[in-house]
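Each chain, letter by letter, is given below.
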Amino acid sequence: MKISPTASAVAETPCRHQDAIDKLRKALNGALIGKNDVVELVLACLLARGHLLFDDLPGLGKTTLAKAVAKAVGGVFARVQCTPDLLPGDVTGFNIFNQKTREFEFREGPVFSDVLLADEINRATPRTQSALFEAMAERQVTIDGNTYSLSKSFFVIATQNPVESHGAYPLPEAQLDRFAMKLRIGYPDPRSELDMLAAHIGGANKIRPEQDEVVIDPAQLQQLQDHVSGVAVSESVRQYLIDLATVTRSHREVSLGVSPRGLLTWQRIAQARAHLQGRDFVIPDDIQHVAGPVLEVRLAGDFEEGPKITEEILSSVSVPVFG
Amino acid sequence: MAGTSTSIFSGPVGPNNQPLFEVNRPEFGTLLLATTSGLTLVAAKFADSRSLAVLILCGLIWLGFPWLVGFALTTDTRLRRWADNGATIAIFGWTLLPVLAEAVLRGLGSGDAPEIVMLVGLQNSVVMCAAYAHRRRCVQFAAVGSSFLVLYAIVVSPEPEVFVLAGLFGMMMLWWLMVRYWEQIRRTHVASRIDRCLPVRTSVLGLVGAGVVIASATLWTTGGATYVLRGFMPTSGGDDAYDEFARSGVGDGDALVAANNDAMSFGPVESDLFIESDKPSLYDMFNDMYGEPPTPPKKRVRAIGLSPGKLKVTHQKIAKTQGGGREFSAVRRRQKKRDRNLIDRKSAAMLFVVGDVPLHLALERYDTFDGREWSHSDAVGRHPTLTMNDEEGRPWLHIVQVNEYTQTEVTDKLAVKFINLKTTRVPSPPYLESVHVDKVDRRDFFSWTADGVIEMPDRDQIPELTVMHLQTQPINLTSLRQSDFTQKYPRIRSKPKGSDDSAASELSRLIDRHLSLPRVGEITEKLAKEWTSGIPRGWRQVEAIVGRLRDEYEHDREAMAPIDSENVVEHFLKSGRGPDYLFASAAASLLRSQGYATRLASGFYAHPEKFDRLSGQTTVHAEDVHVWCEVCVDGVSWVTIEPTPGYLPPPEDLTLAQRISLAWDATLAWAKQRAALIAGVLGTVIAAWFLRTAWLDRMFTAFFWLAGHGSARRRLRATLQLLEWRAWLCGCPRPPRMTVRRFYADHCAGLPDETRVQLGEFLTAVERILYAPNSPTSNSSPRTSQLCKTTARALGRSLLSRRTQSGSTPLLTDGA
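Chains as they are written, first to last, in our numbering: chain A, 8 to 330; chain B, 7 to 822.
Keep in mind the hints are simulated off the structure, nothing from the lab.
Each hint should be verified, as a subset may be incorrect.
Taking CB as the label site, the calculated pair distances span [to be verified]: (1) A:ALA307 with B:LEU180: 36 to 42 Å; (2) B:GLY737 with A:PRO314: 26 to 32 Å; (3) A:VAL170 with B:PHE34: 48 to 54 Å; (4) A:ALA307 with B:ALA755: 48 to 54 Å.
Cβ coordinates follow ideal geometry from the N, Cα and C atoms, glycine included.
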């Protein structure tokens with residue numbers, strides 16, 4: 008037995024949504040074997056009403072995970088395979104003239120779903136990428152002067168391939184800031200791969216028989232998200248967040264530090280992470296634990312190693328203890 | 007607290023979300039500027055300060071604390087918020103604190119003039135405002151105030167250091183203004199609106215108007231410029247008000263009496279007018295101090311031969327005031343207290359001494375002692391030749407007297423200023439070598455008295471305000487200690503015929519005179535033998551006798567010998583206490599009994615405690631009369647010894663090597679005497695050093711138990727503090743950037759499962775009190791107590807030091 012540096016030993020007041028969270032965790036872990044840390048972060052992002060950007064190689068389970076999330080929350084799943092000829096209307100929807108009724112009818116695009124998987128988003132043109140702006144930030148789209156609300160639990164999982172850069176359009180900073188975090192899944196460990204291979208012999212996945220079960224409905228998810236937003240953040244921890252954000256803005260290699268919107272996102276993700284750990288208050292460990300994925304999506308500058316910069320930033324601010 | 011931080015760093019922001027103007031951040035440029043102005047003021051006060059130590063200490067405190075505040079404002083702790091929120095209190099408190107400090111200092115005998123106190127208050131407000139330079143009003147006030155301080159310093163002080171510092175300040179101010187200018191330019195280009203925190207025009211007009219109103223009201227109500235002047239300069243002197251700490255006076259005051267600057271302009275010339283005074287003469291002073299002899303002096307001999315004209319005019323006065331006695335009675339009675347309504351004030355200064363103190367200034371010397379009285383024999387001694395030489399345009403009277411013990415390469419200079427001392431004798435320091443009085447270039451202005459003191463004959467007294475420069479060539483006591491100097495005494499036992507007048511026989515007779523003792527002196531001889539037994543003959547025996555007197559006898563001015571005492575020295579040696587003349591008589595007698603030629607000297611003792619740093623001189627008052635003893639080392643040279651405890655012997659002039667050697671010997675001797683104690687202390691210190699972690703840990707643990715009583719919250723905090731201390735003791739404290747859980751969880755490997763579970767519970771409970779202070783702590787007190795005990799026991803020093811040596815965990819996990 009080992010005490011995890013980030014594990015909580017005692018949850019003094021168990022949350023009434025704990026069962027749902029455990030089921031959700033189990034479902035996602037079943038879909039993505041051997042990646043508990045990634046699943047925890049995905050869950051934190053989901054509970055914090057954030058959007059997720061996967062930056063990883065093909066075949067590592069990005070789509071599988073996105074589908075598993077969609078299935079688990081019991082919502083509508085939509086997928087957009089982004090290509091250079093993808094138009095904004097293909098994402099948001101468009102008005103079409105019905106010759107029978109002699110009226111324009113609105114055809115909903117993939118954004119009218121609970122979980123949207125935008126695969127290889129960096130292949131879409133900037134114009135199409137921008138079409139997602141309003142949807143991601145405001146959870147609504149405006150087409151031909153009409154505003155259409157999206158699902159309250161609208162959750163975007165975008166993927167991008169960092170290797171093939173030909174014909175790709177890097178996401179602009181403004182859009183990157185709308186993602187809560189950027190994750191890399193990475194290769195599973197050999198043991199997990201062995202389990203995966205064994206599970207697929209015979210054509211059926213024996214490891215995740217319940218993968219198609221709905222473990223939480225959208226209404227429950229919204230309640231859970233509301234509950235998570237109430238997790239306490241003490242003044243010292245808030246000050247710690249501000250100090251970290253200040254450092255990102257003055258770091259010599261960072262040209263674009265954390266914006267106030269990014270700061271709010273960081274706090275929300277930390278709240279979600281605290282809740283996932285069974286706590287009703289945020290500790291500096293939560294801030295530090297989610298700092299990497301949260302900062303990596305929004306720090307811009309003349310640097311190549313994001314983790315190193317994040318490490319430097321975290322190392323330059325004292326953790327509040329007695330003060 | 008986000009709100010506070012925003013107010014500190016508020017202002018326009020640049021493209022990188024950074025504040026554009028560095029002035030909105032705590033910065034040290036203005037603080038440095040203000041500190042320089044404060045240092046300039048300190049340098050200006052340097053010459054006027056009564057106590058250098060107080061000046062430096064106050065300067066360090068007044069200028070140092072704002073720097074601490076400045077540093078606190080740059081930290082990212084709660085301290086910064088406290089410092090920032092308490093800005094008003096800090097500035098006003100620091101401004102007013104010098105007034106309180108002045109009250110305390112005056113109680114301790116030091117202090118400054120009120121205008122200086124006000125200036126220090128201004129300086130404090132300026133420097134403290136500079137510490138809050140991120141506030142616009144503070145930075146403006148600091149700049150203006152520091153400029154005023156420097157201007158004031160330049161005006162009032164001629165010291166070169168002040169001008170150097172002022173020049174430095176000027177350069178810094180120029181740079182500071184340039185920076186401010188460019189910041190203003192940037193602000194103008196970036197911001198569409200400039201917030202003026204101070205309405206300049208209204209403020210200036212308001213201040214000028216207020217000044218006019220106050221001045222008019224003051225003039226109108228007080229009715230005259232003089233009165234107003236006195237009101238504004240309450241300590242300037244020159245009127246009814248007098249302040250001991252006043253820096254200078256208007257027209258009169260202490261500075262003029264002290265003859266600080268131009269006393270040499272009052273040189274002794276024949277046309278000087280000698281004003282008769284009722285101030286005490288030397289003999290009056292001795293009688294005041296020690297009481298009168300039971301029988302009046304046998305005779306009084308005027309030491310000064312006056313020209314007929316002068317004698318005619320001043321005959322009566324001189325006989326009363328300038329009589330130089332040739333006896334010194336060692337049997338005295340205290341005068342009855344006169345029923346006079348005396349004003350409690352210091353007596354007037356007799357002399358001012360410029361030079362190293364302590365200093366013995368001899369005015370009379372006595373060679374013959376009959377057991378009750380000291381006197382000088384009528385035999386005219388052979389004294390060293392006096393010659394007048396010109397050195398660098400100044401006439402110096404040299405005393406041609408060189409012996410093998412004289413340190414010819416060392417010359418000490420000092421000056422004596424005559425204030426109220428009425429005598430023709432030159433107050434002679436030990437080993438006097440030359441005398442200089444401005445413009446006095448005639449040899450016949452000086453001569454020897456019969457008892458061996460240089461005097462200025464043919465005048466009533468050395469004129470007041472005469473400045474007399476003296477040079478001495480000290481005796482090398484180190485070489486004196488190495489041999490028996492009495493072997494060099496010229497002794498002629500068998501008097502050759504017809505050689506009575508020879509120099510050798512004269513010196514022999516002189517030595518005999520200075521060795522003669524009264525008949526009754528058994529105790530004296532016995533004690534002297536006892537004290538010098540085992541000590542090689544020579545100066546070491548002299549030092550042994552003097553040392554025993556100083557160590558074992560008590561100085562008591564009231565303990566006089568009985569009137570009918572035949573030998574006061576015997577009585578003194580029995581009683582163990584007495585005034586300084588009995589100490590000197592005893593030392594002379596004891597030394598004479600052992601064959602050392604001695605004589606008694608009386609005069610003044612310039613006390614180091616009376617050194618006035620402000621004027622650089624030591625005041626000698628009437629109560630500083632003193633009697634001591636001198637030892638002849640070769641028949642010609644006399645070395646001053648000081649047998650009376652409480653009076654410091656003349657400082658020995660040593661080379662650096664001699665000083666080091668003496669210090670080493672003294673240290674060794676001291677250490678030998680206290681060997682056991684030193685060994686014990688050293689052993690304790692060494693043991694304490696090697697076991698420092700153990701006993702410090704026990705101390706911290708004891709503190710933990712004491713501080714941990716009470717609520718569960720306090721217990722948890724105390725336990726965490728204990729762990730932090732322990733980690734610090736192990737040399738690997740928790741890095742400030744590492745969280746508590748991450749750091750201490752790293753140390754759990756190897757612990758039993760149950761302990762680790764409890765440690766996890768402890769960390770969760772600690773996190774709850776640290777980061778969720780408003781949530782109720784559900785840990786019951788016994789459970790919390792158990793968790794704390796288990797944690798304190800489990801995470802001991804050995805575990806913390808072992809684990810921390812393996813290196814720390816990176817902050818980020820690979821999962822991200």
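Review point. Which numbered hints turn out to be false for this structure?
Key: 4
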